[in-house]
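Peer 1: What follows is the residue order along each chain.
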Amino acid sequence: MSGAAGDPEGGAGVDDPADRPAANSGARLDGIPPPHPALTFDEVVHQRTRLGILAVLAEAGQADFPYLRRVLGLTDGNLGRHLQILEESRLIMTSKGYHRRRPRTWAEITPEGRRALQSEVTRMKDLIKRLDASPELSGGPGPGGGPGPGGRPGLTNRPR
Amino acid sequence: MTADPVNDAADWSAHLSALRAQVRRDLRATSLPLLILGTATTIGMLPQFVNAMVARSSLPLAPVPRGAARAVAITGFGPFVDPRIDDWFAGLLITAAFAVMWLVFRRRALRGGVGRSSGFGVAAVVGVILSLSVIVVALLLTGPFVVFGLGLLIAGLWQRNRFLVIWAVIVGVIGVSEAFYAITNRLPAGLWAGWVHPAIYVLLGAATVLAGVVARVREDRAR
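So the protein lines, in turn, are chains A and B. The opening position of the first sequence corresponds to residue 1 in my numbering, with each subsequent residue numbered one higher. The opening position of the second sequence corresponds to residue 1 in my numbering, with each subsequent residue numbered one higher.
Honestly, I wouldn't trust all of these hints.
Reference excerpt, derived from the structure (chain A facing chain B, CB under 7 Å, subset only) [as the list claims (entries may be wrong)]:
(1) 59
(2) 66
(3) 97
(4) 127
Residues from chain A shown here face chain B by an in silico Cβ test under 8 Å; the list is partial [as the list claims (entries may be wrong)]:
(5) 51
(6) 64
(7) 67
(8) 71
(9) 73
(10) 124
(11) 128
Derived by calculation from the structure, the hints in this document are not laboratory data. The C-beta atom is built at its ideal place from N, Cα and C for all residues, glycine as well.
Between the sequences and the hints, there should be enough to build the whole structure, so can you do that?
Peer 2: Set out below in structure tokens:
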């Protein structure tokens with residue numbers, strides 16, 4: 001799995017035009033089938049920690065820095081870097097204030113952030129649906145209910 | 001791009017669900033409003049219900065009138081309290097419940113660092129306008145569930161909480177309809193009694209408390 005918590009830039013760096021969601025959405029008129037959902041992930045959002053930040057903010061509306069750090073199990077620097085990336089992409093807004101003379105940083109998801117998260121979740125569901133539909137990958141034909149000959153161990157009984 | 005997107009998708013989907021469940025637990029976003037609002041509604045409706053029961057036991061039984069006179073007969077009983085004042089009292093309690101929710105969520109946002117109180121404050125202001133201004137006539141006509149439905153709808157939309165919105169519409173529509181005796185007047189004659197109308201109100205409040213308890217259990221169980 002890429003995009004570990006210690007790698008804020010994780011998952012970025014692919015510069016293939018085919019990876020751009022705009023170029024990949026929907027069926028093509030020239031007979032070429034639509035791309036695999038895995039190729040349409042947004043590189044900013046498709047990173048485990050940043051996706052987690054967006055999910056928490058979408059659920060809570062807003063959260064402060066210590067809460068995000070605690071829930072996501074991150075260090076100050078790591079969380080700060082991820083927040084900065086999300087803010088630069090206009091997916092969240094941060095604001096600073098004071099409570100009982102202590103500075104506090106609040107993060108709030110933007111409408112673009114909500115849309116990006118929703119789109120990402122939809123793509124992931126699409127991907128999982130493909131996995132379920134594929135007997136080779138879901139381990140259907142394998143003996144004893146396990147993965148088939150071409151199946152991938154570890155994909156069965158995965159929490160959804 | 002990730003090395004194994006299929007594995008990632010399944011893993012991350014579970015990770016996101018767990019995170020969302022944890023935030024919902026921390027916020028008590030659905031259970032807390034329903035519990036506070038349901039309790040306030042039930043308490044607000046109880047005097048009306050008790051008065052109806054007292055009136056039923058102290059007044060001689062009379063033939064039940066039909067049509068429009070029936071509704072008048074339901075509300076006109078009892079020497080103790082005018083039901084319209086009871087409705088107003090209940091509307092005030094529901095308004096106070098929204099104010100309490102605003103305070104609780106604001107305190108949680110400041111101390112716990114998560115969530116926000118927006119929506120509940122607006123709902124409380126709408127309740128104050130409906131209960132303590134000239135528009136109080138609307139409250140007396142449509143009953144206290146106009147405050148319940150409108151306030152919870154505003155709060156649910158502001159908080160982006162789908163369950164609160166659905167609950168606001170269901171209970172609001174039933175409650176306001178019952179203010180015009182939509183349910184009471186459709187009951188069979190054998191079931192008709194003066195206490196049925198306030199009992200429906202109390203049941204709506206109790207159902208809201210029950211929904212809050214169920215939401216609380218679901219928030220605790222979500223992993």
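Peer 1: With a cut-off of 8 Å on the beta carbons, see whether residue 73 of chain A makes it to chain B.
Peer 2: Status violated, d = 11 Å.
Peer 1: Can you verify the interface hint for residue 97 of chain A: is its Cβ closer than 7 Å to any Cβ in chain B?
Peer 2: 10 Å, violated
Peer 1: Classify the hint on residue 51 of chain A as holds or violated, based on whether any CB of chain B lies nearer than 8 Å to its CB.
Peer 2: Given a least distance of 6 Å, the restraint on residue 51 of chain A holds.
Peer 1: Checking hints one by one. Is residue 71 of chain A an interface residue toward chain B, by the C-beta closer than 8 Å rule?
Peer 2: Constraint on residue 71 of chain A satisfied, holds at 6 Å.
Peer 1: With 8 Å as the cut and Cβ atoms as the points, is residue 128 of chain A at the interface with chain B?
Peer 2: At about 5 Å, which falls below the 8 Å cut-off, the nearest Cβ of chain B leaves the hint on residue 128 of chain A intact, so it holds.
Peer 1: Holds or violated: is the Cβ of residue 66 of chain A closer than 7 Å to a Cβ in chain B?
Peer 2: 6 Å, holds
Peer 1: With 8 Å as the cut and Cβ atoms as the points, is residue 67 of chain A at the interface with chain B?
Peer 2: 4 Å, holds
Peer 1: Can you verify the interface hint for residue 124 of chain A: is its Cβ closer than 8 Å to any Cβ in chain B?
Peer 2: Holds: closest Cβ of chain B sits about 4 Å from residue 124 of chain A, inside 8 Å.
Peer 1: Please check whether residue 59 of chain A passes as an interface residue: C-beta within 7 Å of a C-beta belonging to chain B.
Peer 2: 4 Å, holds
Peer 1: Close enough to count: is the Cβ of residue 64 of chain A nearer than 8 Å to one in chain B?
Peer 2: 4 Å, holds
Peer 1: Can we keep the residue 127 of chain A interface hint, with Cβ of chain B closer than 7 Å?
Peer 2: 4 Å, holds
In summary, the structure is inconsistent with hints 3 and 9 from the numbered list given earlier, while agreeing with the others.
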